[in-house]
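**Q** Given the coordinates of chain A, work out where chain B should sit on it, guided by the hints.
One-letter residues, chain by chain:
2 protein chains.
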Amino acid sequence: MNGIKRIAIVGPGRVANHLAPAFKEKGLTIAGIYGRDADETTRLAKKVEAPIIQDIGKRINADLILLCVSDDSIGEIAAQIFPGNKAIVAHTSGAVPLSAIPDNLRRGVFYPLQSFSADKNIVWDNVPFCIEAENDDDVNMLGSVAERLSSKIYILSSEQRKSLHLAAVFANNFANLMFEFSEELLEKADINRSILHPLILETANKVLMQKASESQTGPASRGDVETIKAHRELLDEGSNLREIYDLLTQEIYDRNHHEKL
Amino acid sequence: MNGIKRIAIVGPGRVANHLAPAFKEKGLTIAGIYGRDADETTRLAKKVEAPIIQDIGKRINADLILLCVSDDSIGEIAAQIFPGNKAIVAHTSGAVPLSAIPDNLRRGVFYPLQSFSADKNIVWDNVPFCIEAENDDDVNMLGSVAERLSSKIYILSSEQRKSLHLAAVFANNFANLMFEFSEELLEKADINRSILHPLILETANKVLMQKASESQTGPASRGDVETIKAHRELLDEGSNLREIYDLLTQEIYDRNHHEKL
Numbered sequence: 583m584n585g586i587k588r589i590a591i592v593g594p595g596r597v598a599n600h601l602a603p604a605f606k607e608k609g610l611t612i613a614g615i616y617g618r619d620a621d622e623t624t625r626l627a628k629k630v631e632a633p634i635i636q637d638i639g640k641r642i643n644a645d646l647i648l649l650c651v652s653d654d655s656i657g658e659i660a661a662q663i664f665p666g667n668k669a670i671v672a673h674t675s676g677a678v679p680l681s682a683i684p685d686n687l688r689r690g691v692f693y694p695l696q697s698f699s700a701d702k703n704i705v706w707d708n709v710p711f712c713i714e715a716e717n718d719d720d721v722n723m724l725g726s727v728a729e730r731l732s733s734k735i736y737i738l739s740s741e742q743r744k745s746l747h748l749a750a751v752f753a754n755n756f757a758n759l760m761f762e763f764s765e766e767l768l769e770k771a772d773i774n775r776s777i778l779h780p781l782i783l784e785t786a787n788k789v790l791m792q793k794a795s796e797s798q799t800g801p802a803s804r805g806d807v808e809t810i811k812a813h814r815e816l817l818d819e820g821s822n823l824r825e826i827y828d829l830l831t832q833e834i835y836d837r838n839h840h841e842k843l
Numbered sequence: 583m584n585g586i587k588r589i590a591i592v593g594p595g596r597v598a599n600h601l602a603p604a605f606k607e608k609g610l611t612i613a614g615i616y617g618r619d620a621d622e623t624t625r626l627a628k629k630v631e632a633p634i635i636q637d638i639g640k641r642i643n644a645d646l647i648l649l650c651v652s653d654d655s656i657g658e659i660a661a662q663i664f665p666g667n668k669a670i671v672a673h674t675s676g677a678v679p680l681s682a683i684p685d686n687l688r689r690g691v692f693y694p695l696q697s698f699s700a701d702k703n704i705v706w707d708n709v710p711f712c713i714e715a716e717n718d719d720d721v722n723m724l725g726s727v728a729e730r731l732s733s734k735i736y737i738l739s740s741e742q743r744k745s746l747h748l749a750a751v752f753a754n755n756f757a758n759l760m761f762e763f764s765e766e767l768l769e770k771a772d773i774n775r776s777i778l779h780p781l782i783l784e785t786a787n788k789v790l791m792q793k794a795s796e797s798q799t800g801p802a803s804r805g806d807v808e809t810i811k812a813h814r815e816l817l818d819e820g821s822n823l824r825e826i827y828d829l830l831t832q833e834i835y836d837r838n839h840h841e842k843l
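From first to last, the protein sequence lines are chains A and B. Counted from 1, the first sequence has number 736 at position 154 by our numbering; the numbering is strictly sequential. Counted from 1, the second sequence has number 703 at position 121 by our numbering; the numbering is strictly sequential.
For the record, the hints were derived by calculation from the structure and aren't laboratory data. Yeah, the Cβ is synthetic: ideal placement off N, Cα and C, and Gly gets one too. Be aware that a few hints might be false.
[Claimed, not checked] Some chain A residues near chain B, calculated using beta-carbon distances under 7 angstroms: (1) 735; (2) 737; (3) 754; (4) 757; (5) 762.
[To be verified] Derived DSS-like pairs (lysine-lysine); straight-line CA-CA distance at most 30 angstroms: (6) 793(A) - 734(B); (7) 702(A) - 629(B); (8) 629(A) - 606(A); (9) 702(A) - 734(B); (10) 668(A) - 628(A); (11) 668(A) - 770(A); (12) 734(A) - 702(B); (13) 793(A) - 734(A); (14) 770(B) - 587(B); (15) 793(A) - 770(B); (16) 629(A) - 640(A); (17) 587(A) - 629(A); (18) 608(B) - 587(B); (19) 770(A) - 811(A); (20) 629(B) - 608(B); (21) 734(B) - 702(B); (22) 734(B) - 770(A); (23) 793(A) - 793(B); (24) 770(A) - 793(B); (25) 793(A) - 702(B); (26) 793(B) - 811(A); (27) 770(B) - 734(A); (28) 587(B) - 628(B); (29) 668(B) - 793(A); (30) 734(A) - 793(B); (31) 668(A) - 734(A); (32) 628(B) - 640(B); (33) 628(B) - 702(B).
Isolated chain A (complex conformation) (with noise of 0.2 angstroms):
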């Protein structure tokens, strides 16, 4: 078997931008990049040393497509890719099944589970890599890559990355969200928000050591009504926050009481 050496990258968006230079940093090569926006892809270009990819409709000298677009243009950009190439075409997305690349291609999924930031560096070793491909062959292909920048990777069906796609927005988009609040109650009491860092970084160190559901601690976990009270009062009445509040004091409530609030 053959491994992949030659990465072509179709989209030069946020996931592209990170992941190409770490891509020829361990020794890949980086066929071409196509794009859309002719800036953009001529800056990613330019920064790993490849050349523009003019069409993609036709032949590719490459062992992997790498689509790194947007999760609703994967299946449209996808049908566009010539079906003679000998290249794996593989997304990056968590959400969208294997199935939306066309059958006529040697399909791939090459997911990165990462909040990638523009303006952050990545330490890929701790990234975990989703690898979904229709055999062994092209898994292990697409497994050696990611095991070029991680020691993380995991081989997943469509339905386990749709799950955990959605595990992935509770613990990080609606998590992030918990802190949004936090920081806006803190300041309207004109508090530095810093204060809570060391319990937000105690609480994501917690779920490291042991289950979230044995970490619980708080008013609704002891079931201190006196202080649920307490804090309903801070929350106006009819607003998204209270009733925010209200429904997930009672979720942990009722994972650890039997009567009612």
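**A** Structure of chain B alone, referenced to chain A:
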């Protein structure tokens, strides 16, 4: 001004079991332990080589009487303390105002903002201590006790501390609930929960670098309706989890868009 050298502990629970040994280690004297539960009281007294206080209605030879009791018993227990004591009488609660302690005592608050687990050691240096008292001298005295343990001292009013406590519920209890949901989704999909640990750590670390609102990513903040639809299909109609997903998705969407979802 004489500093605090002798500390009496009322209530031999989790907070006392963390604080008392830390005080002793930093050169303070534990003047005595009082508690209703004889076994727990004896155990903590032995641990810190302190006498047991039999009656808090009599004079206690201490500079600080620290109430490490549950929120709703602070008022009742403080009312039993002999009013002729010279000691500051401080509680350790985030949610209870200074005024819960009778005004014939020298009242104070000494609130360590941390989630205490029975079996996990605290790194005190990072724990914010929130101090309140009726005059600057007492604030300074309580502050210098806190400074023996930590470099993070905050002087907050009862109103501020109430807001802080609510903010901590969002940042700790509610964020942890989000982690619980994500672990349950992973378990259902037969994926090891450790797959999300790097993302959870990254989520927390980002909050230390910039405001949470600047870190938000994901389908709701992008307005990615297709992915939201796919997520909802994974959640049972009418379930709490679906209701929470909808409410939090709507909130993130509203913060990032002007049109209706």
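**Q** Decide, hint by hint, whether the structure agrees.
**A** Here is how each hint holds up against the structure:
no.: 1; hint: 735; verdict: violated (11 angstroms)
no.: 2; hint: 737; verdict: violated (11 angstroms)
no.: 3; hint: 754; verdict: holds (5 angstroms)
no.: 4; hint: 757; verdict: holds (4 angstroms)
no.: 5; hint: 762; verdict: holds (4 angstroms)
no.: 6; hint: 793(A) - 734(B); verdict: holds (29 angstroms)
no.: 7; hint: 702(A) - 629(B); verdict: violated (47 angstroms)
no.: 8; hint: 629(A) - 606(A); verdict: holds (10 angstroms)
no.: 9; hint: 702(A) - 734(B); verdict: holds (28 angstroms)
no.: 10; hint: 668(A) - 628(A); verdict: holds (26 angstroms)
no.: 11; hint: 668(A) - 770(A); verdict: violated (59 angstroms)
no.: 12; hint: 734(A) - 702(B); verdict: holds (28 angstroms)
no.: 13; hint: 793(A) - 734(A); verdict: holds (20 angstroms)
no.: 14; hint: 770(B) - 587(B); verdict: violated (54 angstroms)
no.: 15; hint: 793(A) - 770(B); verdict: holds (15 angstroms)
no.: 16; hint: 629(A) - 640(A); verdict: holds (24 angstroms)
no.: 17; hint: 587(A) - 629(A); verdict: holds (19 angstroms)
no.: 18; hint: 608(B) - 587(B); verdict: holds (11 angstroms)
no.: 19; hint: 770(A) - 811(A); verdict: holds (19 angstroms)
no.: 20; hint: 629(B) - 608(B); verdict: holds (15 angstroms)
no.: 21; hint: 734(B) - 702(B); verdict: holds (20 angstroms)
no.: 22; hint: 734(B) - 770(A); verdict: holds (21 angstroms)
no.: 23; hint: 793(A) - 793(B); verdict: holds (27 angstroms)
no.: 24; hint: 770(A) - 793(B); verdict: holds (15 angstroms)
no.: 25; hint: 793(A) - 702(B); verdict: holds (14 angstroms)
no.: 26; hint: 793(B) - 811(A); verdict: holds (28 angstroms)
no.: 27; hint: 770(B) - 734(A); verdict: holds (21 angstroms)
no.: 28; hint: 587(B) - 628(B); verdict: holds (19 angstroms)
no.: 29; hint: 668(B) - 793(A); verdict: violated (46 angstroms)
no.: 30; hint: 734(A) - 793(B); verdict: holds (29 angstroms)
no.: 31; hint: 668(A) - 734(A); verdict: holds (27 angstroms)
no.: 32; hint: 628(B) - 640(B); verdict: holds (22 angstroms)
no.: 33; hint: 628(B) - 702(B); verdict: holds (20 angstroms)
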